[in-house]
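Assemble the complex: chain A is given as a structure, and chain B must be docked to it using the hints.
Chains as they are written, first to last, in my numbering: chain A, 5 to 626; chain B, 665 to 1493.
Calculated directly from the structure, the hints in this document are not laboratory data.
Take these hints with a grain of salt, some might be off.
As the list claims (entries may be wrong) - Just the calculated beta-carbon pair ranges, DEER-fashion:
#	chain 1	residue 1	chain 2	residue 2	range
1	A	W334	B	L891	48 to 56 Å
2	A	A429	B	F946	32 to 40 Å
3	B	T818	A	H619	42 to 50 Å
4	B	F946	A	Q406	44 to 52 Å
5	B	T1447	A	E366	51 to 59 Å
Stated by the list, open to error - Derived pair list, reagent style BS3-like, types lysine-lysine, alpha-carbon separation capped at 30 Å:
#	chain 1	residue 1	chain 2	residue 2
6	B	K759	B	K949
7	A	K414	B	K1064
8	B	K671	B	K927
9	A	K616	B	K1130
10	B	K949	B	K711
11	B	K1110	B	K986
12	B	K1064	A	K173
13	B	K954	A	K115
14	B	K927	A	K417
15	A	K616	B	K1064
16	B	K927	B	K1032
17	B	K1130	A	K414
18	B	K671	A	K417
19	B	K1110	A	K616
20	A	K616	B	K1045
21	A	K413	B	K781
22	B	K1130	B	K1045
23	B	K1330	B	K1130
24	B	K949	A	K616
25	A	K173	B	K679
26	B	K1096	B	K1032
27	B	K1130	B	K1086
28	B	K1086	B	K1064
29	B	K711	B	K781
30	B	K1130	B	K1110
31	A	K413	B	K927
32	B	K759	B	K671
Heads up, the beta-carbon is just placed ideally off N, CA and C, and yes, glycines get one too.
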Amino acid sequence: MNNLLLCITLAPFLAYFVVLLLPARAERLISRWSIGAALTHFVTVLGAVAVWLGRGRVPWTDLNLSLYTSSDYQFVIAIHLDYIAAVFLLLGSALFTLVVTYSSVYMHREKGYARFFANVWFFYMGYTLTVVAGNFETLFAGWEVLGVSSFLLIAFYRDRYLPVKNALKVFSVYRIADVGLLLAMWMSHHFWHANVPFTVLEMHDLVREHVVDHAGMAWVIGLMLLLTAMAKSAQLPFTTWLPRAMEGPTPSSAIFYGSLSVHMGAFILIRTHAFWMELPGFAWIVVGIGLSTALVATGIARVQSSVKAQIAYASAAQIGVIFIEIALGWNTLALIHISGNALLRTYQLLISPSVVTYQIREQLFGFDPSHSSRERILPSRLRDTLYVLSLNEFNLDTLMYQSLWNPLKKAGKMLGFLTVTSAMALFGPMIMVMVAFLLRPEFMPGWLVPAMPYVAASIAVASVLKAFSERRHARLAWFLIVMNHTFIALAIAFNADFDVASTFLYLGGIYIAALVGVFALEHMRLREGGIDLTRFHGHYYEYPRTSFVVLLASLGISGFPITTAFLGEDLLFAHIGDHQLGLAVLFAVSFVVDGLAAMRIFARLFFGPHSKTYHEVAYRSS
Amino acid sequence: MDMHFDKHHVLHELKHYLPAQAPLKDFVHHNTLHAFQQDEFFIGLKKSNTLFGYKTTLPLWDYRARFGRGEISQGAVDFALCELPEVEKVAWWQKMQFTDYHQESFERIGHLRGTWKRIRGIDLDALVHPILFRLINSYLDQGIAMWTFPESRTSTFREAVAELERSSVASLFYSSEARTALCDPQFQLEDALNKVVGDPSLYGHYLFDQQFAHQGWSGMVSTIEDLPHSLLDQRPVRLEDFILVELLLEWDALLHHEGLAVKPLAAYLDGRPEDLFAPIEFSEKDQVLKYWQEAMEWSFYDTVLLGMREGAKFAVAKTSPKVQAFFCIDDRECSFRRHLEAVNPSIQTYGTPGFFGIDTYYLPEGAKFPVKVCPAPVTPKHGIKSTQTVARPKERNLEKGSHSVLGGWLLTQTLGFLALFKLARHLIRPSKQAGTSLAFDHVDPKSSLSVVYEGAHEHGLQIGYKLSEMADRVASVLTTTGLTSDFAPLVYIVGHGASSTNNPHFAAYDCGACSGRAGSVNSRAYCSMANNPEVRAVLAERGIQIPPTTHFVPALRDTTRDEIAFYDTDAIPSELRAPHQAFALDCEHASAVNAQERARRFVAVPLGTSATAARTHVQRRSTSLFEPRPELNHATNALAIVAPRTVTDHVFLDRRAFLNSYDPAKDPEGLGLQAILGAAAPVCGGINLEYYFSRVDNQRLGAGTKLPHNVMGLIGVANGIDGDLRPGLPSQMIEVHDPLRLLLVVVQSRGIVQKVLDRAPATRAWFDAAWIHFVAIDPESMTPYRYVPGGGFQAYEPFTRELPVTSNPSLLTATTRENIPVHVIKPSA
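Okay, chain A solo, but in the shape it has when bound (with noise of 0.2 Å):
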């Protein structure tokens, strides 16, 4: 019995596995071990939701496997399941199996059905993980997942060009949310001098204590997941990648985005409850957030006519409402929203073709030309300024581009004259004079040792932005990620006592990941020539494998929990201390960055319309 929260954690992983090893035409095989593995795992929540009723609904942790362990850190891996896992395990079981069997029979004969399923195993694996989490740890891990997956499944059809470009946009606005967590773990770390269990967080006069004598710590954390919660629940000004994830088959778009993923910023904000409640104030700024959302994505909805959009926006606008719910603290309330809107707009969005039908019967039969919308009694300059917004979507999906992504381009065309040659010669004798440095400190002037790490830190940062920036060589975009995280292990080095097994965790699952990227990369440009970043070439086409090894060296290079890197991420945080908020931002920035530059330039190579044209080959606007 013991075990059982722990099965239907690894569980999803194994039929996640065996997905990837079934033949990709077997597709009976594919979906009657599909529908019997969610159905069974369906049944085994209820089982474990039913055991946890009966031990009079204590929260009930069942691992805590230490992964990693120094003398002030320690890495650990818990599950427990509460009211919260419980909800949240019950709706996704519930909603995952009707939409696997009902994708079984949507997908025959897709292109790609095998890999559909692989992909959607592959969420629900990291959605499990993330709900039984029992500490920032183990949820981030579930949390890379879901980000990872959603731009799998989003860029679902990788042949045409919109689903790709949304599928990276998504992934950026993901990459924010993770990073929002990041920096809320490494506060975390230093406010409880340990990786704690949220256990912890519920428990009152401890939080509340921490919190008077911490409360800038406090407010950082608080914010930080507000802003994880914000992103990744499409509230503003992040909204607008809702709508757009809706490129996949119809049942991936309404389980992942009209459902289980949106909902996880909501998730996250419940889970964290009893912690941020202690900030004095911090509930109206929830309150703030939930209700623009709620008005705003409202006014959008109701102008939108595309029918996905406009569920996709009214699912926000209710989101919005659930913060409230969750800031006034009525989490019971909130926790039955969030399960009605689930199941409300996965139904919606699945008989979102049939509108053709109804809407022209009723529009038939009960056309009125002088109905006029609700709106009519605005005045007319109010009326018309607020369609004109609704419409441009409140700019925000502009505003988001201009102010996140252009700075940051534009930071790194400052850095325009690099090419690979001259990039090795300035970063190879930086990095030798920096490795010096370490191993005979007492060359280095004084004044110079505190700025250290900030230096590093920097040359990370500017070389990243470039990676992202890059708009001609692949190979000079992955070096500098390369580059990126050798700085950034060097600034590590600077700051704390130098800890050989944390950066040999770290920089041993980058280099490893980098070098099967190089090989493949120079696989490919030895095959078609030089390989430029400026379009989407569809290399998968004709290199499926070595599109798969990319994908691969690219998850393993930003960081994903594949490599060891994972581990070593975590660590490297911990070594930044509680007053260098900076360095912290720095360090955040570029694994954002990076995890974007990765996925850029594996999407610019193998995904998008194909370059060759001797077969059917999508337009650009479809």
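Just chain B, lined up with the frame of chain A:
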């Protein structure tokens, strides 16, 4: 292109080339490449390929593989090469088999406008398309948005956007220049082109580049401009306005991106672009593909022509049949008729376009708009109203309620949970729901129809038909099909429709001759006319004696569910009740075996499944939310045969033929044939070519896979939220289709056929340009004569020596999911 800019000419040309697909509610199949139809087929294809980059044939490897599998016969290859001198044949055959050709295509379209990106690094598509699509979609929207575009019913697109800009504080534009220009009625298309392009000699080219970067939306705008009635809630939209707004958005993006110093495109050009319409070069590769395509087509046609010749040997005229039943010429009725005749050999079936000559609008009781139920090109002057309808169940539609803050708050927490159970129940047992379009729902069987004109006019239509008008319509079907004597006691007029759920393309599955609706109103109206004693009296004067003992019964067949419904059965005379019951039972049997035959194409049904189980399965498909293939519609269509049934009933055509009944003996002047061909060539040809092109380039000429489709404004589908509209057929409809042109076969002597062609140049153009293959079979000798474009008829001797013979086609269909070769059906003893 000219050195000066002739706006009207360029707009006219644009409209000519843009896709012509109407909004979803009236899906009408048409030749996707209608713009090239004045050219010979392969020349037209090559032009479209050069201009727009369309794939227009299968890839070379596919033909070679088909040859390897025996689907393309050696005989057909020889036939395709037959006009070459002997020495060249070998060389071409070598090329067809072995030469590697460079198969990438480089379309001419897009290069001029692409200069912005290539030279200035400005991605105009990315900057302009999202807002442009949202604007036009909101303006045209038929009922998705809850807040409709202000003034969209009364103002043109440009005026509506300008009005919005004038009154709003916020703007869609960055720059005041573009905004001012929009609001200035003096500012015209040429002015905008001057700002963006700068050189009048490039305007036409630029507009082609620009509009073909989103041909879905442009085509929709152009179609609605030409056919305003294709929207129920009409919009005074014009392509010119749409282009002007797009140019202004482009100018605005350029001003924003480049600043006020921005120059028009002409200033940045590094050379003159290649003329879009410069002469094309028909290369060796094109020739090879042409030979392969013809070889593939004749591999099949040849067996059909041989099969008809051999099958006709078994022809027996049915004397005094008990029942005569008319069906639509639709290829989906091909197998049903075969099964019905097998179940009861005393039934005689006929094929005629499924609107049965009833050119009308249908006005359902309580409807606000007339609904067209005849072929799309026909503009009816008549209307038929239904009255005494059983109250239409009011559908509770809570969709929109859940999109407001408060409504959503209430509904998500209540109905939201219901959705879980609804979905779970539906997955286990799919059942009809709001998103289901059922063929039988088209007309309430209990309602009465106003078939006879009683002086009423509505919507500018004459409600009901006058006596002579009714007689004309009844006579037309009977004379063209050759049923002018020997009437059976029961004559059934069976329209058809289709049922599907969660399917934005539902209209594409219904009867094409009824503008994408079920044919039940037409069949009821027809029977009402044909049973009318006054009409019969007029017909008698014209030489058609319908005995008083004959009764016409209307019916509708649901091709998806394999079900048949009879209408107005109360009117059946008592002595015919029993035979009617017997016929209904025959239909039941035939429906089940027909479902069984159809089910072989569905992988979900194991081969050899029983008829009952197969029928349950096909019915389930029609109500399943999660079934993207309710049926396979016209997939695999390749033939249209205008002939007496005796010529086709002993040849197994695997549901690939449109069958129009015709009696050559009764049509000495060819007038009936002329009428038939006048409808059959464009309708069957249109369906066939739409399937052809959607199949060979599903990405650009088809709609791609329908699984990610998002409904836009109830008028079209797009991928995601900011994609272009996707006209054409989704991949789920065409994946089993082989791209063969239509072979139209007529049984009539060459002399008469030639006369018909001389009288009907529009019909003849289809054959002269070879977009349809045409063959006339001599009714006496059964010798086929192939129509050689421009050059009259040439006797055709099939190269296939022998066809497989079967006495039970069901055995064939129970064993394979692939196309089944033509068989001769030998009567069993």
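Margin query: Next pair to validate is B/K1130 with B/K1045; report whether the Cα-Cα distance is within 30 Å.
Written below: holds (12 Å)
Notebook entry, point to check: Taking only the CA atoms, is the gap from B/K1086 to B/K1064 under or equal to 30 Å?
Noted result: This hinted pair holds, its Cα atoms lying about 18 Å apart.
Margin query: Run the distance test for B/K1064 versus A/K173: straight-line Cα separation, threshold 30 Å.
Written below: Measuring from Cα to Cα gives roughly 29 Å; hence the hint holds.
Checklist line | Restraint check for B/K1130 with B/K1110, where alpha carbons must lie at most 30 Å apart | finding: This hinted pair holds, its Cα atoms lying about 24 Å apart.
Margin query: Between the alpha carbons of B/K671 and A/K417, is the straight-line distance 30 Å or under?
Written below: Distance ~43 Å between B/K671 and A/K417 Cα, so the pair is violated.
Check: Going straight from one Cα to the other, do B/K759 and B/K671 come out at no more than 30 Å?
Finding: Given pair B/K759, B/K671 is violated - Cα atoms ~46 Å apart, limit 30 Å.
Next item on the list: Given the hint that B/K954 pairs with A/K115, test it: the Cα-Cα distance must not exceed 30 Å.
Entry: holds (29 Å)
Note to self: Check whether the Cα positions of A/K173 and B/K679 lie no farther apart than 30 Å.
What the structure shows: The hint is violated at about 35 Å.
Checklist line | Agreement of B/K927 and A/K417 with the hint, judged by alpha carbon distance not exceeding 30 Å | finding: holds (25 Å)
Notebook entry, point to check: Within 44 to 52 Å or not, the Cβ separation of B/F946 and A/Q406?
Noted result: holds (50 Å)
Notebook entry, point to check: Okay, A/A429 versus B/F946 on CB: inside 32 to 40 Å?
Noted result: violated (55 Å)
Note to self: Check whether the Cα positions of B/K949 and A/K616 lie no farther apart than 30 Å.
What the structure shows: holds (18 Å)
The structure fails to meet hints 2, 7, 9, 15, 16, 17, 18, 19, 20, 25, 27, 32 from the earlier list, while all remaining hints are met.
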